[in-house]
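Chains as they are written, first to last, in the numbering used here: chain G, 64 to 428; chain Y, 64 to 428; chain W, 64 to 428; chain V, 64 to 428.
Quick caveat, the hints were computed from the structure, so don't treat them as lab data. Nothing false has been slipped in among the hints.
Note that the list lumps identical chains together, so a pair holds whenever it fits in one copy or between two copies.
Using 27 Å as the maximum straight-line C-alpha spacing, the simulated DSS-like pairs for lysine-lysine come out as follows: (1) Lys257 x Lys321; (2) Lys154 x Lys380; (3) Lys210 x Lys340; (4) Lys330 x Lys340; (5) Lys380 x Lys340; (6) Lys380 x Lys210; (7) Lys210 x Lys108.
Keep in mind the model is a prediction, meaning the values are calculated, not measured.
Protein chains: 4
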Amino acid sequence: MKNTFGNQLQVTLFGESHSAGIGVVIDGLAPGIAVDEDYIRAQLKKRRPAGKISTARKEQDEYTIQCGVFNGYTTGTPLCITIPNTAQHSKDYSETRAIARPGHADYTAYCKYHGFEDYRGGGHFSGRLTAALVVAGAILIPALEKKGIKIGTHIRRCAGIDDRGFESYTEDFETLYGSEFPALSQEAADRMVKAIEGAAEEGDSVGGILETAILGVPAGVGEPWFDSVESMLSHAMFSIPAVKGVSFGDGFALADLKGSQANDPFKMDDQAIVTVKNSNGGINGGITNGMPILMQAVIKPTPSIFKEQSTIDFIQKEDAQLQLNGRHDPCILHRACVVADSVCAIVIADLLTQRFGTDYLGEER
Amino acid sequence: MKNTFGNQLQVTLFGESHSAGIGVVIDGLAPGIAVDEDYIRAQLKKRRPAGKISTARKEQDEYTIQCGVFNGYTTGTPLCITIPNTAQHSKDYSETRAIARPGHADYTAYCKYHGFEDYRGGGHFSGRLTAALVVAGAILIPALEKKGIKIGTHIRRCAGIDDRGFESYTEDFETLYGSEFPALSQEAADRMVKAIEGAAEEGDSVGGILETAILGVPAGVGEPWFDSVESMLSHAMFSIPAVKGVSFGDGFALADLKGSQANDPFKMDDQAIVTVKNSNGGINGGITNGMPILMQAVIKPTPSIFKEQSTIDFIQKEDAQLQLNGRHDPCILHRACVVADSVCAIVIADLLTQRFGTDYLGEER
Amino acid sequence: MKNTFGNQLQVTLFGESHSAGIGVVIDGLAPGIAVDEDYIRAQLKKRRPAGKISTARKEQDEYTIQCGVFNGYTTGTPLCITIPNTAQHSKDYSETRAIARPGHADYTAYCKYHGFEDYRGGGHFSGRLTAALVVAGAILIPALEKKGIKIGTHIRRCAGIDDRGFESYTEDFETLYGSEFPALSQEAADRMVKAIEGAAEEGDSVGGILETAILGVPAGVGEPWFDSVESMLSHAMFSIPAVKGVSFGDGFALADLKGSQANDPFKMDDQAIVTVKNSNGGINGGITNGMPILMQAVIKPTPSIFKEQSTIDFIQKEDAQLQLNGRHDPCILHRACVVADSVCAIVIADLLTQRFGTDYLGEER
Amino acid sequence: MKNTFGNQLQVTLFGESHSAGIGVVIDGLAPGIAVDEDYIRAQLKKRRPAGKISTARKEQDEYTIQCGVFNGYTTGTPLCITIPNTAQHSKDYSETRAIARPGHADYTAYCKYHGFEDYRGGGHFSGRLTAALVVAGAILIPALEKKGIKIGTHIRRCAGIDDRGFESYTEDFETLYGSEFPALSQEAADRMVKAIEGAAEEGDSVGGILETAILGVPAGVGEPWFDSVESMLSHAMFSIPAVKGVSFGDGFALADLKGSQANDPFKMDDQAIVTVKNSNGGINGGITNGMPILMQAVIKPTPSIFKEQSTIDFIQKEDAQLQLNGRHDPCILHRACVVADSVCAIVIADLLTQRFGTDYLGEER
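Construct the complete structure from the given sequences, taking the supplied hints into account.
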């Protein structure tokens, strides 16, 4: 399926950093989802670089709804949005095109596409394509919210500094939605930003861990075996550049627990079935149990750094040294939160559409 | 796609713990893959419970090749293997069927299947279905080896005890292939087994981390965005029961590195392009770079324990206490290694079939 | 997808004429579909050769439900049924394996599978695999009937003799369901049988046209463009061996009509919207309009004949003459009706599952 | 998959008649396919209405390559082309939006999309979207030709008048490629045009049959059962609006043949294996046999006619009369030929990519 994700609700990404435009097709959308363009713009803004700790590329993210929206609602036929690439640097990429940037896809793209790839600015591998994921999320998130489903992501860890965990999801989400640097503890956020600035001064970059909570998904969604909720979420999350690990619930800490510690006992809470804790991240046997879905994703430090690096010229097949110029993000975690939210919205919307049919997420007329 | 995985090479699982049989259909296989039944049996034996630290269920794993093999080679048409369920306990499951075992899928299956699910012995969620994955792997692994691709998994961590990392892949793989408890350090293995026995005596269980290396995959395999090698491998790995996290290269440790530490510099090694280290696990931008693919999977402790647990009766909707009897694995990591190898073989075989066409993995005639 | 059909409800076929067994996996079934084994047997019997105008191969069609049924209902997890091959002739196929039977897949299979194909009795291409389609249909048809959807197929034309068209669907379907030679006019049936017997005496075979009606599918099912109801039905129908054409409504006769003749005017019928005639076969723009879906499929004459035929030896690469022995069906139309019904049931069940969700076809508990 | 077709090479259509634009994403393209923009424009011109027998809508079919082409070659990443809708009539569609045009999708779209559909000018169902299919075909056809595969479609029958069949494919294709009204016999073409004009004068429309030949596909391509070449081609062909039947080889005439007439005897032709005739249309058992693939598609008469028609108002639920104004095509067969070529190119390119891998259709660098 390559650049398409989903079974019933399918999202197709396209574009290259310096092509005419990038974009997304969403097919299998319910008819009657209200499209809020202010919300789309607000979500795009969260992803857009801003402030001292972001790249200087001034992306405008103006977009065109090519089709699939009529009178403010989705039509139920494919929705395509294109975003023109207007901010491309005019510099000549051809000179350095064969000097593989470590941690980037220059060399692997060359192996796969035999030199036909568009190598300008990362081409199809550019993080810019996440704007198209955000657009898709911005269509789906409001529809999910009408069904009582909310998604929020915070920077769980950055540059070795921990944020606190979720306490009150509802309040915490409000904090995150309003923040340019979505951490739950302001004190942790301040220290993270300071560490990022420190790394930037050294010409280096930092990584970290995002944690996403998804609330309100009813029990009984997902599939055993290959299309478990974990399988689908991780499949989609690993499409975000720089994600190198995805875990659920207590994640890798489960390795050191005993069964008596890792199991989440059930109990009755009034008439509802809940678990007393959530080490399994709301998923048992690949299927939701009604508790919050809790997921972590490790984001490796941005590979674009300003220290000299050893590498190769993959066309000349000889060793080479690389010194990057320009400006690049020393950290992308704060910009990646809205991307993670969007990716999760795509997965959950697909699972619900499979479960409840193609009309589920739309309004009635 | 539910119980089917893969784009060009598709694996479909079926079965329930106490149904007539379980099995697998593999479609899209190249014609001309030699089928080695001794190898299939040997691989199944690795997964089968054995020794003090395993359940007493005596599974025979006799299997029938229903179709798809002729004169010792795959035909290129669907290969189906069924494994009869002969060792089912005859006990009555109906009495306790609504007492949700914490950490298991009893309750989530009920929510999804509305009570029509086969609840005996875990039903469709039973780890027994991994035998079908192993069979699929046992068809594919020899075909991959003929292409120079080898897969090996060790118990990287168990009950808080670390194995050493891979040093010499080729020698280390031999150690793992011949071991009933696949750790690289015998001393670590001994300590792990002791810890497992200790947990078992307390009626408890332990978890850990598997690490898999895949050697020999050429550079340029995989897709950007949704079908990255990480996306495909994690999708498949999360189908293994108890896996709650999957990571690549340095995994979650990447969170605390700087870009200058996380990037893998390239260099020429004679005429070959290699990286000087492998923090990215052989994958850049979702595509293989020719280095070993390195993956970790956290396995939560087996949820079946013998300590009394608080839970609910999900039909009566009331609190309940649960005391499991019988025998259950206090640890499944050693049995899961061959399952991880098999799952990886499925993914890699699919990626190569997409890349090089449907005949690639077969022999010529 | 090769041997798998369907988006949400997926049917996977496997087997070869002389392998251990053939079978089918149905995944994405709703939980709670009542499974009627008498009905499965009755449907299989309709497909089984019988009487003077059928092959002498005595197929028993005993089957095993491997999984997916519990207490008489589908569980919602994959349902697999295997049918052992017990009636294989023991004759040696290897001697004549390279003499391509005209109209059969011997040569094309050799080109595709490079000689690894199981060539005995047609191998994977054997019409015997349609028994697995009939089993899948026998699970689905009763579930569809509970939703008010009925499917019936008659022999519209055979050996140049026309059956009458549908008049009263409900009564006509009863006639067809009870018939060993499903034509609506007994007089036409008698003449067709006589023509078949005449062709058989000459060592020849006949073809014809099947016509299927599907009643009760609500308006608004299907997709524009690639997954139109016509696309999905024809895709599935062309998987039936010998089908070489599929059409809807007035079919190829539409070529000679004018727009004013081909359009089906709408009218109100009490509170219901209907069309006054059905030249479009119940489908407009790829989507059902609530009228009966009407489909025709041309079945070429059985390629196994007893006249000497010119052909080649595709291994020796030389001209050859072929004289078939044994017994073969001079006509398969009467046996193909239940296969067409089954295939249509698979398609419609998939479309409804997409539209209304995974629980739609099951009963509530 | 809805608006996406293909397994390894996937084509996704989007757009509505009066939305900002329509377009197509092609994913899974080989890197290194030369993109000839003159050819794209020439192909689009063939589809565009022209002359007396076509609608007056002046479509410009200017397009934008959003991405996927670099330095004149495909990159191997998704190729997206958008075509702006600039010629929309500004008339108010809302007044008549509930008056179902017989033979069109107005009512079925309403049933499916509950009134959220874009009803202007046929919306997503507009024949205008076939321009996106033509664009996809115009990328693929030259790549196929470099592999020795040629595709041509003629108007086999129109308004009751027969064209001659193919005689010399190579010469006949040249005739068709250069013609505005692609029939092989000029005399037949003249009579057809006259008949179309006659129907147009009466305010009526005509239908007919297209016949497509595909040359040069090697033997051994396609799949048995569900993904037979017939299944894939018919699936795609039925996505063309107005197609109501698809057949292969002798098509529905096979109903009246005997086996001895329908079978195509093989013979050696120098070192090549051929058949002496081609009643099976180049396909045996769903797989190509190396002979030309021969396919027919019946096109129903254009449903837009100027005679008053009886219909309903599907919102008011009452009978209504309909009198169409404006101008509409009295015949679309000549414009549909290039669409059929394009659709076949998509199917064949997908089959070859599956068979020979993702690089097959590209050039080497």
